[in-house]
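A.B. asks: So you can see what is in the structure, the chains are spelled out below.
2 protein chains.
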Amino acid sequence: MLYRLPDDGDTKLRAICTECHLVHYENPLNVVGTVPHFGQRVLLCKRNIEPRKGKWTLPAGFMELGESTSEGAARETSEEAGAHFKMGSLFTVMSVPRVGQVHLYFLAELENEQFEPGFETLEARMFSESEIPWDDLAFRTVQETLKYYFADKKSGNFGVHTLNID
Amino acid sequence: MLYRLPDDGDTKLRAICTECHLVHYENPLNVVGTVPHFGQRVLLCKRNIEPRKGKWTLPAGFMELGESTSEGAARETSEEAGAHFKMGSLFTVMSVPRVGQVHLYFLAELENEQFEPGFETLEARMFSESEIPWDDLAFRTVQETLKYYFADKKSGNFGVHTLNID
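Protein chains in written order, with the numbering used here: chain F, 35 to 200; chain A, 35 to 200.
In short, the hints are calculated from the structure, not lab data.
Any given hint could be a false lead.
Remember, identical chains collapse to one label, so a pair may be satisfied in a single copy or spanning two.
Derived pair list, reagent style BS3-like, types lysine-lysine, alpha-carbon separation capped at 27 Å [to be verified]:
{"no.": "1", "residue 1": "46", "residue 2": "120"}
{"no.": "2", "residue 1": "181", "residue 2": "87"}
{"no.": "3", "residue 1": "46", "residue 2": "80"}
{"no.": "4", "residue 1": "187", "residue 2": "89"}
{"no.": "5", "residue 1": "181", "residue 2": "80"}
Build the full structure now, drawing on both the sequences and the hints.
C.D. replies: In C-alpha cells, the structure reads:
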C-alpha cells in the first residue's frame, strides 16, 4: 500500500495497493448500539475483548453491509448480550473524528432480564443510575449516551442528541 | 482480491488481497449533506457528474476521515454550491442497506443567494415547495428529506427524522 493521488481527478491522497493497483478508500466507520433499559435500570456489558477489555460498555459494534443502522444495533445487542428487547428510536449520533468513527445509539426496551452474553462479553448486568461504573466505562460515547439517557428519563422527554467528541 | 474468512475468529467473509494479504474491510459509507434554506425556498444543485448527471440534488457527498458528520456536510455544501450559510441541527438519518450507505442531512441557513458551484455542479438555484422538480431528483433520500423539510416548515416544528429505504 502506498498513499498517492488516484488518476480520476480525486483531490485526496488514497491508499493504493502497489500490486493490484486497487484504491483502498478509507472512510469513517459507523458504530451502532443500543441503550437497553428496563424500569429504572440499563444493561451494560463487561468487555471480553480489546480494546478496553474488562471495561463496561453499552452493546455496540461496527455496522455491516446489508443492514440499516437500527438492524445493526439490534444485531450487536443480540450478539453481545443475548438480550430480548424491542427496538426504540434513534437516541444519540456522535462523531469521533480522531478515530474516524460515528457512533449511533438507539433506545431498546428489554422484555426481561435474562441475558446470554456472547464470547465478546464477560458479564451482562443491569445498573441503576447510581450504580453505573462511571470510571470504568469503555468509551466516551457510552458515557455521554448514558448521561443523556438518565437526564431524559428524569425529564420524561427523549430526544435525539448529537455531539462531536474531539 | 478473494473473499474468505480472516484468521482472527471473524465470522464474515472479507475481501482479502491475494498479493499483500491485507483484509479489505467493507462497511457502510456515510453520505453527509445539508438542506440549505432561505425564506420559503431551498437550494438544489444540478449534478454534473455520474451517477444521475443532470438530476437535482441537495448538496451532499461521502464523509471523509478527520471530520465530523456536520463538518463533512458543511464541506460538501461549500464544494458543490459555493454557498454561504450557518449550519443548523441534524435533520434526517436514512439507511440505504441496498447500497451500503447511511445518509445524514443537516439544516443550513443560507446567508444570501449567491452561489459559486464547483465542477460537480452544473447549476445551483433556489426552489419553493411548488417549484421542486420532484420527478427529476437524483436520489430517494433527497426526495424524502425535502418532504420532511416542507412538512416541518408548515408545522413550525423541526425534528430529527429516521427512515430505512429498501
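A.B. asks: Which of the listed hints are broken here?
C.D. replies: The structure conflicts with no hint, since it agrees with every one listed earlier.
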